[in-house]
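As you go down the protein sequences, you meet chains X and P in turn.
Residue 57 in our numbering is what sits at position 57 of the first sequence, and the numbering runs on without skipping anything.
Residue 197 in our numbering is what sits at position 197 of the second sequence, and the numbering runs on without skipping anything.
In case anyone wonders, no lab produced these hints; they're calculated from the structure.
Treat each hint with caution, since some may be false.
No farther apart than 27 Å at their CA atoms in a straight line, the calculated lysine-lysine pairs in the DSS-like style are these [claimed, not checked]:
1) P:K148 to X:K52
2) X:K50 to X:K72
3) P:K152 to X:K88
4) X:K111 to P:K33
5) P:K190 to X:K72
6) P:K132 to X:K47
7) P:K190 to X:K80
8) P:K148 to X:K88
9) X:K54 to X:K111
10) X:K111 to P:K152
11) X:K50 to P:K152
12) P:K148 to X:K98
13) X:K47 to P:K152
14) X:K72 to P:K152
15) X:K47 to P:K148
16) X:K72 to P:K132
17) P:K132 to X:K159
18) X:K80 to P:K33
Chain P stretches covered by chain X per the calculated footprint, using a threshold of three residues with CB under 8 Å from any CB of chain X [as the list claims (entries may be wrong)]:
19) 133 to 147
20) 196 to 204
Note that the structure is predicted; figures quoted are calculated from it, not measured.
Where a beta carbon is used, it is the ideal one built from N, C-alpha and C, also for glycine.
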Amino acid sequence: MLFLENVWYRSIIRGVTLKIEQGITAIIGPNGAGKTTLLRIIARIIKPDKGKVKVPERIGASWQNPYYSFYKTTVREEVKFALRMARKSANEEYYLKKFGLIDLADLSPFKLSAGEARILSILLALIWDPDLLLIDEPTTGLDIYEKRKLITVLRQLNKPIIIASHDIDFVLEVADKVAVMNNGTLIAYGDTLDIFYSNVLETIGFPKPVAVLLGEALGERVRSVEECLHKYF
Amino acid sequence: MKNAYISTFKACLNPITSLLLLVWSFYMISVGKLVPVGLVCVFLALYFRIAKKILPLLLWLAIPTLIVLSVLFGYIDASYITIKIVLIALSAIIAFTSPKPQHVAYLTSKIGIPPIIGFSQLFVLRLIQVLKEALAEAMNAAIGRGIKSRIKIIMLMPIPLLVHTISLSMYLAEALYIKYPPKMRTWTDKARVSEKDISLLLYLALTFILHNVGIPFY
């Protein structure tokens with residue numbers, strides 16, 4: 001699916017080698033770790049100074065500020081336009097319902113909340129059927145309910161997705177694989193639960209999520225506090 | 001009331017003086033009196049300490065213009081036209097940046113225009129930087145949506161750019177407003193006529209009269 005071999009870019013990315021297959025992969029790390037730059041290299045926006053990059057032809061993206069993706073006066077018009085651009089004959093109602101945006105169809109996309117705008121930008125990036133979807137900092141400005149909705153949307157997509165985020169609670173719930181970056185280098189890559197239930201996060205100065213601490217205390221690997229409560233209470 | 005923005009701009013002109021400076025500059029340039037305009041603009045640029053900041057912009061404007069015009073009209077004509085263009089830009093920048101935003105806001109509010117419009121000069125000054133960043137983001141977003149045609153991207157680009165710039169400008173204005181304690185907050189402030197304004201207006205009037213009564217100078 002996606003293969004990076006010894007990729008260098010200025011002093012931001014230092015020798016990253018990564019192979020990503022299906023599912024949701026999250027790139028986590030502190031600010032300035034190189035997450036967004038790596039995402040831009042994958043999107044072929046930045047050409048690395050050194051190294052091999054093998055990525056799919058069609059890459060959809062939802063960048064940090066979703067409002068840049070909007071051009072039309074209503075959400076419905078936006079989806080219609082995206083369908084027209086993708087030369088699809090499907091009805092926009094189908095997509096609006098699928099992504100829970102039907103009640104917002106007649107609002108201006110620029111007036112949507114951060115979470116709604118993010119979901120719309122993901123929908124717009126998906127309509128042209130990309131082989132891979134990139135999402136940069138998906139939880140910026142989202143409240144707890146919007147985060148829940150986004151997790152539901154991402155889980156139902158059934159498409160390879162790469163997320164760059166420093167929201168570790170969100171990543172723990174949504175990602176299948178995690179790549180941990182610090183100072184431009186990839187320090188760990190593996191199954192989400194393996195990474196979170198090891199000491200990797202501590203090495204980059206991240207505290208373990210409450211769900212992980214709870215899981216460790218109970219001797220279970222859980223992804224969220226809700227899952228823990230559901231199992232034991 | 002002590003004004004909240006005084007510390008931001010140390011030197012300033014009365015907005016009416018700035019407007020008169022702009023009108024005078026354009027008039028004098030149009031009649032070919034470039035030296036007095038050049039002198040006053042260079043002096044004010046040094047006085048307001050903006051010379052260093054605007055020099056790259058003026059060079060960007062002057063060098064390509066000079067090259068293109070030299071090919072078309074020859075070196076002497078090209079130099080003359082380039083100096084005129086640079087002086088127009090320089091006088092416009094000085095006239096636009098020299099008044100304080102709240103002074104402009106005071107005047108505009110007197111004719112029923114919302115005071116925030118008076119802050120537009122700050123927004124415009126930031127516009128180039130904001131647009132540069134926003135342009136890259138908006139282009140990446142378009143590519144991320146599968147829009148590959150450059151023409152299509154260029155056609156669509158103004159919408160997110162405009163919305164983003166306006167919203168960012170509003171944040172900037174709010175941040176400026178909220179930065180100071182409530183008692184000091186104000187959108188508007190009446191501009192005084194200072195010694196600087198009087199000296200400059202005298203110079204503008206003198207050169208204007210000298211030119212119009214036919215006394216040769218420069």
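So, going through the hints one by one against the coordinates:
1. With a C-alpha separation of about 24 Å, the suggested pair K148 of chain P and K52 of chain X falls inside the 27 Å cut-off, and the hint holds.
2. Restraint check for K50 of chain X and K72 of chain X: the C-alpha separation of about 40 Å exceeds 27 Å, so the hint is violated.
3. With a C-alpha separation of about 18 Å, the suggested pair K152 of chain P and K88 of chain X falls inside the 27 Å cut-off, and the hint holds.
4. About 52 Å separates the Cα atoms of K111 of chain X and K33 of chain P, which puts this hinted pair outside 27 Å; it is violated.
5. Between K190 of chain P and K72 of chain X, the direct Cα distance comes to roughly 41 Å. Violation of the 27 Å bound is thereby established for this hinted pair.
6. Taking the CA atoms of K132 of chain P and K47 of chain X, the gap is near 20 Å; set against the 27 Å cutoff, the hint holds.
7. Taking the CA atoms of K190 of chain P and K80 of chain X, the gap is about 51 Å. The hint is violated against a cut of 27 Å.
8. Taken as a hint, the K148 of chain P and K88 of chain X pair is honoured in the structure, with Cα atoms around 16 Å apart against an allowance of 27 Å.
9. For a cut-off of 27 Å, the pair hint linking K54 of chain X to K111 of chain X is broken: about 38 Å separates their Cα positions.
10. Restraint check: the Cα-Cα separation between K111 of chain X and K152 of chain P comes to about 24 Å, which is no more than 27 Å; the hinted pair holds.
11. For the proposed pair K50 of chain X and K152 of chain P, the alpha carbon gap of about 32 Å is over 27 Å, so the pair is violated.
12. For a cut-off of 27 Å, the pair hint linking K148 of chain P to K98 of chain X stands: about 26 Å separates their Cα positions.
13. Restraint check for K47 of chain X and K152 of chain P: the C-alpha separation of about 24 Å stays at or below 27 Å, so the hint holds.
14. Pair hint K72 of chain X plus K152 of chain P holds up; C-alpha atoms about 14 Å apart against a cutoff of 27 Å.
15. With a CA separation close to 18 Å, the supplied pair K47 of chain X and K148 of chain P stays within the 27 Å bound.
16. Simply put, K72 of chain X and K132 of chain P have alpha-carbon atoms about 22 Å apart, close enough for the 27 Å limit, and the pair holds.
17. For the given pair, K132 of chain P sits about 33 Å from K159 of chain X by alpha-carbon distance, which is inconsistent with the 27 Å threshold.
18. Simply put, K80 of chain X and K33 of chain P have alpha-carbon atoms about 58 Å apart, too far for the 27 Å limit, and the pair is violated.
19. With a cut-off of 8 Å between beta carbons, the region 133 to 147 of chain P has 11 residues touching chain X; three or more are needed, and the interface restraint holds.
20. Coverage of the region 196 to 204 of chain P by chain X is violated in this model, with 0 residues showing a Cβ closer than 8 Å to a Cβ of that chain against a need of three.
This entry does not satisfy hints 2, 4, 5, 7, 9, 11, 17, 18, 20, going by the numbered hints stated previously.
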